[in-house]
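Asks: The residues making up each chain are set out below.
There are 2 protein chains.
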Amino acid sequence: MVALGVVIGRVVIQDVRPRTPTGAFPAKAAVGEPVTVSADVFRDGHDVLGARARWRMQGERRWNDVPMRETGNDRWEAVVRPPAAGILQLVLEAWTDRLATWRRDITVKRQAGQDVEVELEEGARLLDEAATRAPKRDRSKVDAAAATARDATQPVARRVAGALEADVVEIMTGTPDPRDLTRVTPPPIRVDRRRALSSAWYELFPRSEGGFEGAAKRLRAVAEMGFDVVYLPPIHPIGHTARKGRDNTLDAGPDDPGSPWAIGSEEGGHTAVHPELGTIEDFERFVADAEGLGLEVALDYALQCSPDHPWVREHPEWFHHRPDGSIKYAENPPKKYQDIYPINFWPDDDGDRVALWEACRDVLEFWIGHGIRLFRVDNPHTKPLAFWEWMLGEVKEAHPDALFLAEAFTRPKMMAKLAEVGFSQSYTYFTWRTEKRELAEYLTELTSPPLADYMRPNFWPNTPDILGGPLRGGTPAAFKIRLLLAATLVPSYGIYSGYELCENEPASEVNEEYLRSEKFEIKHRDWGRADSLAPWIARVNDIRRRHPAFAELRNLRFHASRNDRVLAYSKTTGDDVVLVVVNLDPTQPHQDTLDLDMGVLGWPWGTPLDAHDELTGESYTWRTSTPYVRLDPAREPAHVFHLRPAK
Amino acid sequence: MVALGVVIGRVVIQDVRPRTPTGAFPAKAAVGEPVTVSADVFRDGHDVLGARARWRMQGERRWNDVPMRETGNDRWEAVVRPPAAGILQLVLEAWTDRLATWRRDITVKRQAGQDVEVELEEGARLLDEAATRAPKRDRSKVDAAAATARDATQPVARRVAGALEADVVEIMTGTPDPRDLTRVTPPPIRVDRRRALSSAWYELFPRSEGGFEGAAKRLRAVAEMGFDVVYLPPIHPIGHTARKGRDNTLDAGPDDPGSPWAIGSEEGGHTAVHPELGTIEDFERFVADAEGLGLEVALDYALQCSPDHPWVREHPEWFHHRPDGSIKYAENPPKKYQDIYPINFWPDDDGDRVALWEACRDVLEFWIGHGIRLFRVDNPHTKPLAFWEWMLGEVKEAHPDALFLAEAFTRPKMMAKLAEVGFSQSYTYFTWRTEKRELAEYLTELTSPPLADYMRPNFWPNTPDILGGPLRGGTPAAFKIRLLLAATLVPSYGIYSGYELCENEPASEVNEEYLRSEKFEIKHRDWGRADSLAPWIARVNDIRRRHPAFAELRNLRFHASRNDRVLAYSKTTGDDVVLVVVNLDPTQPHQDTLDLDMGVLGWPWGTPLDAHDELTGESYTWRTSTPYVRLDPAREPAHVFHLRPAK
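Going line by line, the protein sequences match chains A and B. Numbered according to the working numbering, the first sequence spans residues 47 to 693. Numbered according to the working numbering, the second sequence spans residues 47 to 693.
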């Protein structure tokens, strides 16, 4: 007795996207995001195939059907727009479309002048069969086509035309034929709320604004700049043992506030608020004020302890111990971080591990209980991936709207894996990608499969730890260039406060940090300075909001140009087409001739274009796909064009 | 209670190669082939990892262990050389190497002048633990290292050195630590006999040599040319209904022999021998003669029938029927192939399908019973993949040495899928890749993962169906160029007889076939012609035999050069390094300056090289990695250099 081919159906469906590399975790999408579901679909021989994607949100009963179309080389695709957050389930089906095959063949034979009498009867039989599967209201049409094919009183041309009637074709295309039907169920897709994909972050130290009350006064300015997330470094009590002083020195004076990442003191740990910032009620008011201005507050989830953290006394078993009885502080030999004890996430005793992991979860639950749904996770790559797999699974199960930004400037494989196991967004290497070619290569990697199927970049031109590349001693033009790239290349980006004042003093020639880092001291800034970039940033964020193309990740395409300091890229979503042209050199004007790919822009070659620069308000009409541009960084280092066919 | 991370262990092992795209079928290797087993291996934090590959042939009890080494970007690899044909099972293990981590850290701390008293005790404890896992005979050495670390009578430098002793490092590296151990079992690898990877085929029509007896006389010449496979088109009775005449015409005369692919007549079907070729005993003698000369005979497995095939009468249910009662002949509208009935591989009745598939298997079993283990499969892409999955599985289970060459000049996805489901070798698009850039791109695709993990190319400059590109009206130089490329780019290649006589007349300007195709008539050739390429082909095949580098697939690397008609590539296996430089233009001499990648060749930059041209016998000494070459196709269109460091 012959066993069936156990793996392969008549039609092959394989290499389904989106997916994660292992398929063991869901790929990612956001509400309303156009998700291209694609797969290889083929079978033996030369028959015409049909394919469709069926999808539904977990918990729904009804499947939604979208026909798949071949895009070349046996690749088929359909676009799905998830209507809500949750788990999107997918089923792909493909089958032999016998009617379409017959239609193709009889058409060719007719054109070659061959006799098709027998073919007409074959077609009539296929239509008879199709009628049994057609939607009820359409069956009579299909039956009529079959009758016409058989109607010997009519000329052959009329009979063929009747059997091929467009209406009937439409009715039957996309209706699976149960014979030869192959069905696959790819891993589901996690649909997050929109902010997981598109967000503009502003990081500030509330203690530099006078605690929560003072920081609340800054919120209007942050909102006016057009940000939608305000992210606070840890707001918990800070340890005093081995506290770091100004500029990361070892001998803190009595007035040195210490690093907010040295979490925990006698006044509490990860669920306490630093008394100098205010009370938990002050914090709640701050969150409410932010919300009133359209700002979501993100907190820092930094799983480490100062030597004074309550966990050190209560749970010494959660830390690493040395033979001399001491608890191991953090180190990266030969560097020592005596003000921080790393947690031992995998204690030998499994009960200890369970208690620790639950305690870590309870920290998140505490802040979720206070209305927080957005967490920036400090150094996730130094905690076990299994911990994140469990933690993100647990928390998202209970709170599907909770989102996590991974601060892992680590090696590529680990960065990607953290995204795969469930982080919603990821810091990236953007800070270190400054040249035209490396930006184009890196962005192509970030916005295409396999990575874009499950990792969402969040671009930070600066952070409290990193004053990088062109920003070191940089001019306002440099600050504009880096922010504009971050804000328009990908849908999520963020800056650390002070950026708008072009703070540019590096700690040293070789040290990537800031001089007089805010991590170790309180900063007093003149936010009202006339040369602040705040109004310009507001303009950029306003452009981002008005153009849905900037809210997508997978729609970025680069366009060729000759000058290696000029980067040109477009983004398209529906009718919205934007073209950004950036002079990467803050020191001098550059000119260039672009070579726009009209196919990518979605218009026929030769279409004249209206190009409205949203930054300057200037408009141009281009009658060529090779427009000339000149960008003077002293004025504006970039064009952000809204493109439309000229009237 | 906390559930464990169900998917991820402490150490991640992922993206294991070799593998097929779906992982549902075994990847491929050949006996003695160096197989690079690789995977991403990483964990949280900065600890040093250890990893190993364990392998054994299915049926063996003992595992063989090979340490894996990092090659960069968290990619680890080990090389396995399968000792025998069969199924190679793999297990990969990775773990935290605590001892190595400690060694790294204490070394850095010592260099920074830090106190390491506590670290020495930490090290001693790690060594105590290591001793329990060390091979018994080495335990005392590990214990001694621990004692030295603790020996307060010694200076610290001595204690550190004692704990870090090279012997102990070697003992413990590669020994898994059961804590944090991650183990994965990737899909197994099918190990075929060597010929699956490396083979030189010669195709001939025995009827043109006077049947098996006459063809046997040609075998010595074929063996002397250095081929190791002689492949015969179908040797079965040929149908007379709608038999094709000379040049594929519709009106065959009484003397026209018909196409051997129109299989079956009253004299029998796929298990019969055409009486004009001889008897089955004659065939057996032919096979024995071939074997005596070191030649393996390959038969054609062409699953289609002439209208006169016994199956048409005995099993009409295995064919497609039309409404007028006729059996459907093969067609590719508007083209008709009335001399061939395609088989319906998926009859509606499952019992019919079982009977058909078994009958197809019995055909193979019949010829295997007559000593044949090599089959060239005609048009496998027009038969269901599920059929091949079952058929190849069944036959290889019973006859692990059976090999199958897929003649599927079809679309890329189907070509790859046929390889995935079990075909041993594949025809390719080589015939249509003639320019430098397209050859380099296509060969890189064919010789690298993912494709090279499971698909083995077999390059045919010509076939009875295809007289392509530069061979159409081509000069002897064109024939040399295309054969040399086929024979040296990949380890398996073949030619169809007549190639050595530079038969070059195309059927027409647009038709890729031969004029007066041997498929439809008997050819009489003057094999002894003075201008035959046979001696030159013998030289090429002799070079192939003497250089193991030509017997590998995955070792091909291209080297830069300036002239776009000159292609340079090297292959390396162990000490054997060959460099081929081909003038792709048969019409005129070309010169070029190569830019050899010494890293790829395996020698330090600046190493002077002896380059011995195996084709001409000339030798050069290169004191630069940018040697000059000049290739005159009128003399030799290529260099085949054996490279060695100059003495």
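Because the hints were derived from the structure by calculation, they are not lab data. Fair warning: there could be bad hints in the mix.
For chains that are exact copies, the list does not tell them apart, and a pair is met inside one copy or across any two.
[What the hints assert, rightly or not] In silico PhoX-like cross-links for lysine-lysine, where the CA-CA straight-line distance does not exceed 25 Å:
| # | residue 1 | residue 2 |
| --- | --- | --- |
| 1 | Lys442 | Lys693 |
| 2 | Lys374 | Lys187 |
| 3 | Lys381 | Lys693 |
| 4 | Lys155 | Lys382 |
| 5 | Lys382 | Lys482 |
| 6 | Lys565 | Lys374 |
| 7 | Lys263 | Lys565 |
| 8 | Lys374 | Lys155 |
| 9 | Lys155 | Lys693 |
| 10 | Lys381 | Lys155 |
| 11 | Lys565 | Lys187 |
Being a predicted model, the structure only gives us computed values, none of them experimental.
Asks: Hints first: check each against the structure and report whether it holds.
Replies: Here's how the hints hold up against the structure:
1. In the homo-oligomer, the alpha carbons of Lys442 and Lys693 never lie at most 25 Å apart, since the shortest distance is 49 Å inside one protomer and 68 Å across protomers.
2. Taking the shortest alpha-carbon separations for Lys374 and Lys187, neither the intra-copy value of 80 Å nor the inter-copy value of 29 Å comes in at or below 25 Å.
3. Proximity of Lys381 and Lys693 under a CA criterion of 25 Å is satisfied in neither setting, with 64 Å inside one chain copy and 49 Å between copies.
4. For the homomeric pair Lys155 and Lys382, the shortest alpha-carbon distance between copies (10 Å) is at most 25 Å, but the shortest distance inside one copy (81 Å) is not.
5. Taking the shortest Cα distances, Lys382 and Lys482 never come within 25 Å of each other, neither inside one copy (38 Å) nor across copies (56 Å).
6. Proximity of Lys565 and Lys374 under a CA criterion of 25 Å is satisfied intra-copy only: 23 Å inside one chain copy versus 81 Å between copies.
7. Only within a single protomer do Lys263 and Lys565 lie at most 25 Å apart by alpha-carbon distance; the minimum there is 21 Å, versus 89 Å between protomers.
8. Taking the shortest alpha-carbon separations for Lys374 and Lys155, only the inter-copy value of 15 Å comes in at or below 25 Å, while the best intra-copy value is 82 Å.
9. With identical chains, the CA atoms of Lys155 and Lys693 are never at most 25 Å apart, being 45 Å at best within one copy and 71 Å at best between copies.
10. For the identical chains of this complex, Lys381 and Lys155 are inter-copy neighbours only, at 9 Å across copies versus 80 Å inside a copy, given an alpha-carbon limit of 25 Å.
11. For the identical chains of this complex, Lys565 and Lys187 are neighbours neither inside a copy (74 Å) nor across copies (49 Å), given an alpha-carbon limit of 25 Å.
In this structure, the hints that do not hold are numbers 1, 2, 3, 5, 9, 11, in rising order.
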